[in-house]
Each structure stands twice: as structure tokens, then as C-alpha cells.
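Chains as they are written, first to last, in the working numbering: chain A, 1 to 630; chain B, 1 to 510; chain C, 1 to 102.
One thing to keep in mind: the hints can contain errors.
[Unchecked claim] Incomplete in silico selection of chain A near chain B, CB under 10 Å:
id	residue
1	Met65
2	Trp69
3	Leu152
4	Ser155
5	Arg175
6	Leu185
7	Ser211
8	Pro562
9	Leu566
10	Ala571
Derived from the structure by calculation, the hints contain no laboratory data.
Just so you know, even glycine gets a beta-carbon here, dropped at the ideal spot from N, CA and C.
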Amino acid sequence: MTDFVWLVIAFPLAGAVLLHFLGRRLGEPLAGIIGTLAAAAAFVVAFVAALPFIVEEGNHGETVMLWEWMPAIGANLEITWDPLAAVMALIVTGVGSLIHLFSVGYMHGDERFARFFTYLNLFLASMLTLVLGGNFAMVFLGWELVGLCSYLLISFWYTKPSAAAAGKKAFVVNRIGDFGFMVGLMLVFTNFGTLAFDGIFERVPEILDGSTATAIGLLFLVGAAGKSAQIPLYVWLPDAMEGPTPVSALIHAATMVTAGVYLVARSATIFAAGDAGIVVAVVGALTALWAASIAIAQSDIKRVLAYSTVSQLGYMFIAVGLGGYIAGIFHLMTHAFFKALLFLGSGSVIHGMHEEQDMNKMGGLLEKMPVTGVTMGIATLAIAGIPPLAGFWSKDEILGVAFEYGGVGIVLWVIGLVTALITAFYMTRQWFMVFTGEPRWEEGVDPHESPRSMTVPLIVLAVLSVGAGFLNTPFRLTLEHFLEPSFELVKVAHPPEGLGMFALLAAISVGAGIAGAAMAGFVYSRPREIWERFQGGFGGLWEAWQAAYRVDDLYGATIVTPGRKLSERMAFDFDAGGIDGFVNGVGRAVRSAGARTRVLQTGLVRNYGVGFVAGLLAVVIWLVIAGGGV
Amino acid sequence: MLTALILVPAVAAVVVMLLPSDRKELALPVGFALSFVPLAIAGYLFFEFETGVAGYQFTQKAVWYEPWGISWNLGVDGISLGLVALSVILIPIALAASTTITDRTKEFVVFTLLLEAGLIGSFLALDLFLFFVFFEAVLVPMYFIIGIWGSERRIYAAMKFFIFTAFGSAFLLASIVALSVFHNRQFGSPSFDLLELMSLDLTLDQSRWLFAGFGIAFAIKVPVFPLHTWLPDAHVQAPTAGSVLLAGVMLKLGTYGLLRFNLNLFPQAAVDAVPIIAGLAVIGIIYGAVVAIVQPDLKKLVAYSSVSHLGFIVLGTAALTSAGFQGAVIQNVNHGLTTGALFLLVGMIYERRHTKKIEDFGGLAKVMPIFAGLFLFTAFASIGLPGLNGFVGEFLVLIGSFPSIPVFATIAAFGVILAAIYLLWAYERVFTGIPDKPENQKLTDLNAREIGLMVPLVVLMLVLGLYPKILLDRTAASTEALLDRVEQATTYEVPEQGRLADVFAGEGDE
Amino acid sequence: MIEVTAGWYLSLAAVLFSIGLLGILVRRNALIMFMCVELMLNAVNLTFVAAGRALGNLEGQVAVFFVLVVAAAEVVVGLAIIVAIFRRRESASVDELATLRG
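Let the hints inform the model, and build the full structure from the sequences given.
Printed below as a string of C-alpha cells:
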């Protein structure tokens, strides 16, 4: 039926290969157009392949086998095409196509223009491998490949040392997470004897006991925390902003960083069998609040968005941790739209401001860049949770799930509310700082609206940010019905029943959002002195936020520096001095023993002859005495 | 067939030796061309090799010295097949990479070809005496390759290499002779035949001592911590071709020996020694990686990474599960490809800049984009990025060792983080940033010959990464048989998920 | 008339052997030392033949042929070396050839 679904991966992969070898010859903008077409083709295929799920109720999808990889451990290259995979594939290819299109304009004039699209296409193929993989090994394959693409794209401008360092940091921190994921996989294999989804999820209740399930869940959480930038492994994401802005939009906002959420949702049965879910939710909540507070005081336009992404991913973790898988995926989708829009918008601003990223040097851009300003305004309202925009529906569903969970859930709900307030605050602050007030541009900067290829994706994403919420409102649960077959084996958590309850919770959260937005609007729509007085009111707290709580310094002092010291001690003292010193010592001992005995070798044949005869005599005498006569 | 595989390189060496001495420039092309003959033979073997058959194939046996039970006994199975293929692939590449050797070229080619004969002989020998002869014969050409064509401290490195290995060989020889003597006692005639010796009835003490004797020889060759210090020196001093063959194939004599001889001959001792072997393997994995991080010399860094990677192979051997064995066998091949490629690349930059110090470089990606791309590709293969070959072996080893030795497997998995750190940090310092040193700005990118050297390796890394079936199919039956052997001869029971029923169809396990 | 038994031959061989041995120990001329070696070899040959005859089997004589062949080969190589050294050093004294001193 949907055998052709492998084309979803094949198109971008073919694009990457083609652009890798011919990119330079194709040149600009042809290389970009080919890349965009490859992404769009994947979207079309994914859409066609997803139609059966819409038409037939309760269609579980199927597994499409491509070829054998490591069959001994149930790891083949195979695709599981079910509603969950379809939703993810549509988000990835859809947002991906728009970002490809945007990049044609954004990367204009870059000497490695074609190479950029090679990497973007490769990323799409990898991400699709991740979400379509039919076994954990293939998910891990995609998981690592997106890490590779992230590495390549963050350090795309590798002549900048900070970019190269950021790429490496991202990969290494991700690898720490992968360690957990990998050990989790080993545990899965040890229990199930296979890594194939088909042999695992249905057998969870009969095979896994609670503690093993919890252990696997926690190990998966380590992996997910690495990829989805959660506490304590989130530190790579802000640095990842060194990459070109479309990369930040595609990889570090819309798609790759949501892989952790996807992983938890995909392994729902395992999480349901143990108690790891609540830990996931708590980690998510803490991250949400922590990152949001840092975002308040950032002045780099992209760093605000980076911390905001970390924070929003925390929301998704709350949802999937508490069993609200559909709520989590829903927020994943809406977030992909509005956060991609925000990033692309910020890219448009940066582009128009001649690579300026400091919001203190912006202001009053709305007139110069109306499309960017308006679309970013829409996205700001969406992420702030103002109805009826997309963010409102998905965020409310998550908060509802937390509230309904009760107990700890109430605490998480409160944290979520506070985070919502803060989110509304810093996003509104950003919008006002960038688009209103007096121009604070540097000399010679002449802001201008971006070309059509960049504004069209903004507009499309703005429409989606407005309308996507209606895919799953309490009145019409379209997405929920669509996804249901993928979560049949678990009990999916829902917000409280009933419209009254919905209205009450919605009112509270919208109130928080409006309060935050209003506060920011009140302060940041006015001259700079007012902001500074306001910020000064927080005292040291503001500086702590600005410095991101100095977590990087902390890690540097506790892990990186001692680690390097240890490595140096091992390499130069222990290995070269200790072990090899011992080896060379043995060598020296042999040599000096030789030096002492060498004097016996006079080189005179007579002396040797005497020794010879003496030995002979000794043997003869010994034979005569001991041998009893010859 | 197998005899030809050993004789052809030896004959080729003679042919090169007989070339007129006033036509020095002929030696390398002729040697290179002749090295394709073993490649063709091995290629034929590889595809004619019957999958799903556990025993030795293409066997040949001729009595050599009957009173001692020595025979010219050759055979190939899934465990050795990949290594033979690896040897014949790397030899032409190593030769073609040696165009900068202008001094005594003829001897160099001769030694390389003799090395090939010795390596292949070691992998094919089913007679312990014969194995020992080849095992030792390999030493001589390598000693000269390091000692004559190496860099400044070559004599020291060659000596160290030789003495270390010879030290281990002494134990190996003693143990082999002891086995033959035991055979004489039990069956009335000495024998060096592996299959006959497997039926010996040894006391636990005997088998433990002999296990240790074999083990020390192979552990030095691998090398297993703490017997590894000859390796960095040998690599740093060896010429490029020497490093490629040393890391690519020669170290595998150790891991191969452990799998082939230690497990087959002394299963109970092996089962008892699992904690020791696995412990040393894990120490090697972590230790090699930690030490690699701060190495100032690119070649030394790769050398220590070898210590780390080979730890995975040893761990897979100690796992005593199907996936562990398969991972170990396939990782043998993978490590040969990736590390061989890394040494080639380091050699290429060394020929241009005459330095291997990381701090002397910087920003090379700008001036040598193709070189940077190939280096990064190989680095990721070495890190174990899924989709490339390194992952398949490492992942199988980890997955395979978890059911039997979970603690060791978990610690070993930590090595994957460290691998990313040392290779990517080195890449960052060598390739990124702005090329600010004037010597670096003038560098030229790889030429067609150098790219040609890398292409086969890169293709193999991709193919084995995405379609390892071509190797796994051929190894499965042999590794299963080995596992059967261990399980039947000892009290050891393979844990529930350590045995993969559907590894290969046919050939019932029990 | 005294019967010449094997003992006489063996005694003669012992005497010859001792003369050869003493010569090697006290003389410095390589050529003379070489002759002494030959003397010792022939003493051994005599022992072989005498013993073989006394014991009535042929192996002693077989061994002698081996010794003769080896000795002939040794003479060829040895004399060649001595001549080569003599050409180089104008002397055949072994004391001057102490380059193997440790």
C-alpha cells in the first residue's frame, strides 16, 4: 500500500548526494532550488502516504522493509509508517521545505552556498530516518546522523573559531546523552532479544517488570535530554546559534531538538510500564522554568529564541512524561511552526541589519521591515498563548494534562503557568525591543525588508501559527483521532473533561500570558531609561539571568578542566612516565648488565679457547667422579 | 588456492628483487601491479565462500615433517576471511601511498610483499607450528620497514616493537610445544594440528597456564593495556605504509589469535578469565581514549585511538555471545579500514608539511577542503557514527556483551563519548579557524593519486556501514560454531539473549 | 711381537688431539692454528675408524666420510678468509683480530 514511503527519505538523500558532487557546478541559485525541490517532493510523498490514515479510521500503518542491516539483533533498515511517523514526517518535510526556500535568499552570496543545501538535504534525510525508523537501531542511526548534520551546520562557518567550538560542543554533549540512550538500548535488547518495534512494544507488559522499565525509561531520558536540550545537557543549544539562522530554525527549533520528545512518545509503552515518566515531566518542568528565566535577560536576538526553545521543549517533556503523548506531539507541531517563524524572522532581521544580532542596537524596525515585523508579532502572540492562535491550544492541553494528573501534576501545572507568564514577557520584550521605539542602529546600517523568497515562508508559517491550533481543539479532536492508532497500547492522558473546566483553566493561563505580555509591553514600549530602571530593580538576579546562571563556567570548572588535567596526567605522567618508563627501565637494566659482562669478551681466540678447554675438562672430571667411569 | 594466496606475494617479492638494480623506478609499479593478484584470488575466495557453513573451507593439507606431526595445513572460515580480505586490500593501497620512498625502494617493496605473505599465512594456518612460523615471519619485514624507512627515532621504535613481540612469542612457542607434547602423551604422537589439539584433555591448571602463554603473546600484539607502549612509538616512527599495515592488519593477529586459539583450545580457562580479559579491554577502551585526547602528535593520537578501538574487539571476544563474537570479527575489519585511512591521511599531510604536531596546523579546511572532508568522514567512521562501518562493530559488541557482562559493557559504552572528544577536538584544532600560519596557506589539496587511495576505503566504510550483511553472513556460522564449542566444552551457559537463533538459517545450533 | 690393539690407536688419537689443542691455545698464527684444527679433526677420525673396527660395524667409517667432507669444505672457506685477512693486514696473527672485543 504505502511501499513507496521510502521515497520520503530517498528524495532529500538523493538531493544531498547530487548537490555534494555537482553543487559547485550548479551554482547559485540552482543548487538551492534543487535542494528545496527535494524537500518539497518528500513532503508530497509523505502527504500522499498519510492519506490512508485520514481516510480509514483506525489504520495502524505498516512496516516497510528496505534491506537487512544487522538482522541478528533485529536491526534492519525498515520503515514504520504509522500516524505518529506520518505527523512527524509531515512536520519535518513541511517546515523543512519552507526553510529551504528561505535559505535560498538568506545564504545568497555565501561561497559555500551549494554545500549548505547539501547539508540541509542530508539533515532532512537523517531526521526522516529517525522518525520513520522501524527499530531502535534505525532510530539511533537517524539520531546520530542528525547530530552529525547539526555538527556540520553549526560549524558551517568554520573559519570562525567560536562556530567550530560550538559544533564540537553540540556533538560531544549529545554524545553524553547518546551514552544513556545506548545503554538503554542494550537493556532493551537484553530483555527482548531484538530492537525491532514489532517485537518490543506489544510484549512490554509480559516481559518488563516495573523497575527494568523505569531503568530503560531513565536511560532514554538521558538520551532525550541530550538531543532535546534539557537539564543538565541543554548547554549546547544556546551555543548552537553560531550556525546560520535557517539552521537554528530547522534543526534547533522545529525538528531535531524534538527528537527526544518523539523518542518518549514512541516508547510510550515502556514509559507506561515504569515510573520514569514522572521524572521526565519533572525534568521538563524544571527546564521550562529555568530556561525561560534565562531568556528574560538575553540581548542577543537568537539567544532569546534558543532559551525559549529549551523552555518550550520542557513543556513537551511535561506532556509526554505525564502520558499526554498527543498533547506533547500537538505542541511539538505548533511549536515547530511558530518557533521556526520566529527564527526565520530573526534571520530576516539579522539579514536586514547586516549581521547585527544585538537587540540593543535595533529598534523601530517595523516600518522598514513590515512583513517580518507583523509575522513575528503573530508568532509572539502564538507562543505567548493568546487565543485563538496555535500556541494557546497546545499549551493549554499540556497544562490541562498536568492539572488532571493531580498531586505532583498540580506543582507542574503551577510551574507551567509561571513559565507561560515569563514566556509571554520575554517574547513581547523581544518584539518591542526589535520593532518599536527609537532606532538604535549602528552607523551605516540600513535596514531593509528581505526578498520574496524569504518573506513567503514567513507568511506561510504565520498562517500555520494562527490556524494549526484548530487541528486539535477540545471541540474537534482531529489530531487526536488521527494519532490514536499509534497509542492504542497505552492510556493517553487528557485534560479535564468538560467545557467549564476547560474554560476555567484556559482563563487562568491566558490571564498569565496576558499579564506577562502586558508587563513587557508596558516597559519596553517606552524609552531605554525605563527598561534599565526596570531591569535594575531585579538587582543581581538580572545579571544572573543575563549570564545564564554561569552554568557553562560551572561545567568548565568541574568537568572540562579537571577532565583535561586528568587526561594530561594520564598521558604524560602515567603512560609516558609510568608504564613506558618501566619498559624503558627494563631495557636500561638489561643494557647495563650487558655493559658489566662485556669485559669478558676480549676478542682473543686464545682466551676463548682456554675457556673451551676448561669447560671440557670440567665435564670430563664431572663424568669421572659422578658417572662412575666412562 | 590458499597456498597460492600465500605464495603469490612471496613470488612477487622475488620478482621485484630480481628487477635490474639500475631501474629502481620500476620496483614500486611492478610491486603494486603484482599485489593485485592476491587481491583477485582473495576476491574470488570471498565470493565463492559458502555462507552458513561453520567449518573451514578451501582446506589444503600436506605433511611437512611427520615425526613431529607438523603439516602445511591451511583453511579459511568466517573469522579469518575478513582479515584475509583486509590484508589484500590494504597492501596495494600501502604500496601506492609510498611514492615518497625513494631510498632503497626495491627493498621496501620486497619487504611489504613478504609482510603480506606472512600475514595471510598467519590467518590461514590451521597448524600451530605453521602459524607460529608465519607469526614470527611477519615481524622481520615490519622491523625493517620501521627501522629503515621510519623517522628520527626509528631504531628505538623498531627495537621496542621487536623485543615486545618477541617476548610474547617466547611464551607462545613454549605453549605450542607443550600442547604438542601433551598430544604425544595422550595419543602417542605429537601433533600441531589445531583440530586435533582441540580434542586434548587438559587439566584445568594446564589449560590455564597455556591460556596465559597464548594470551600474553596475543595481548602484546593487540595491544592490551598495559602492554601497549610499543604501539605509539612504532606508529609515530613508522612510514605511512608501515603504520597502515601495522594498525590495519598486524594488530589483528592478536585479536584473531584470541578468538581462534585461546577460545578454541582452552575454553574453560577462557570462561574463567572473562573478568580479567573484559576488565583489561574496558580499561584499554577508556584509557586509550583518555590518553589520546591530549596527545600533541596527530599520529600518536590515532595510535592511542587504536588501543581504545581494539579494546572493543577484545571485549566482544570476552562477551561469549553471538553478537559479541560477530562484532569482534567485523570490528577487526572495520578498524583496519578506518584507522588505515586515518594513517594514510596523516601521512599525506606529513608529506606536505613535514610535521605531525597538531599545534603546527590550523584552518586547513580552507586550503585543503577535500582533505578536510575525507578526514572528517573517516573520523566519524572511527567515532562510530551509524551508517558507517565503525558503528556496526561497536554496536554489536556492546549489545552482545551486555547480556553476559553488563557492567563492563556499560563502562565501554562510555568510550563512545571520549572518541568524539579526541577526534573532533583534533579536527577543530587542525582544520577550523583561519589558516594563519604562512606555511599552511601554501598547502595544496590532495591530488588524484591520493584521492584514488582513499576512494576504495571510503566506499568500503559506507558499504560495510549500510550493508554489513556481506560480512555478517559469512561470519555468522563460524562464530556460532565457536560459541557452541565454548558452551559444550565448559560449564558456561550463554545467557538468554546472547544466542541469536535467527542469525543464519540452517545449521541447527544444538 | 706386540699386538697393535685398538687401545694403541686411541692413545695415538688422544696424543694427536692434545697436540692440536695445545697448538690452538699457544700459537698466534692463524695458519698454524688452522693446521692444529685439522690435526684434531684427524685425531677424531682415527678414533672413529679404530672404534669402528674394534666394534665391528661400519658406522665409524661412515662418520669419517662426513668429517672429511666437512673438513674439506671448512678448509676452503677458512683458508679463503685467512688469505683475505692477510691481504688486508699483512699479518696472520690472531691477536690483532680482536675486533669482536665487547
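Hint by hint, here is what the structure shows:
no.: 1; hint: Met65; result: violated (13 Å)
no.: 2; hint: Trp69; result: holds (7 Å)
no.: 3; hint: Leu152; result: holds (8 Å)
no.: 4; hint: Ser155; result: holds (6 Å)
no.: 5; hint: Arg175; result: holds (5 Å)
no.: 6; hint: Leu185; result: holds (7 Å)
no.: 7; hint: Ser211; result: violated (15 Å)
no.: 8; hint: Pro562; result: violated (12 Å)
no.: 9; hint: Leu566; result: holds (7 Å)
no.: 10; hint: Ala571; result: holds (4 Å)
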